[in-house]
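All chains, please: the whole structure from these sequences, using the hints.
Residue numbers for the sequence shown, in the working numbering: 25 to 129.
None of these hints come from the bench; they were simulated from the model. Don't take every hint at face value.
Stated by the list, open to error - For lysine-lysine, the following DSSO-like pairs were computed, each having C-alpha atoms within a straight-line distance of at most 27 Å: (1) Lys84 - Lys100; (2) Lys96 - Lys78; (3) Lys78 - Lys100; (4) Lys96 - Lys84.
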Amino acid sequence: MFFSENSSNSIKKHKFEPINIYYLVSINFNIFRKVLFVILIFIFSGLGSFAQDKSEGEQKVEDEAFTLFTNKEYDKAMPLFSQLLSLYPQDPSYNYGYGVCLIET
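Written out as structure tokens, the structure reads:
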């Protein structure tokens, strides 16, 4: 307890208000939610910047390869898939197309 003297020279006890824990937690939680929201916005807005776009020439080769593949012209599509695989060796659609072309020719 906190003691003070008043004008009559007697000691008076001061009562302190209890701290409302729920109010403090709600303030901190609201701040936390806002900070988390801003962090997530920055994370998800930057994800698209790491994607690798194909050049116009690569896109034409890809379109031609899949057109020939769809038309079952595997002997003509195989060199195009081979060219695409040299640029993107982990692409599953190019690996599949090239593999089918190898089997069918």
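Numbers of unmet hints, in rising order: The structure conflicts with no hint, since it agrees with every one listed earlier.
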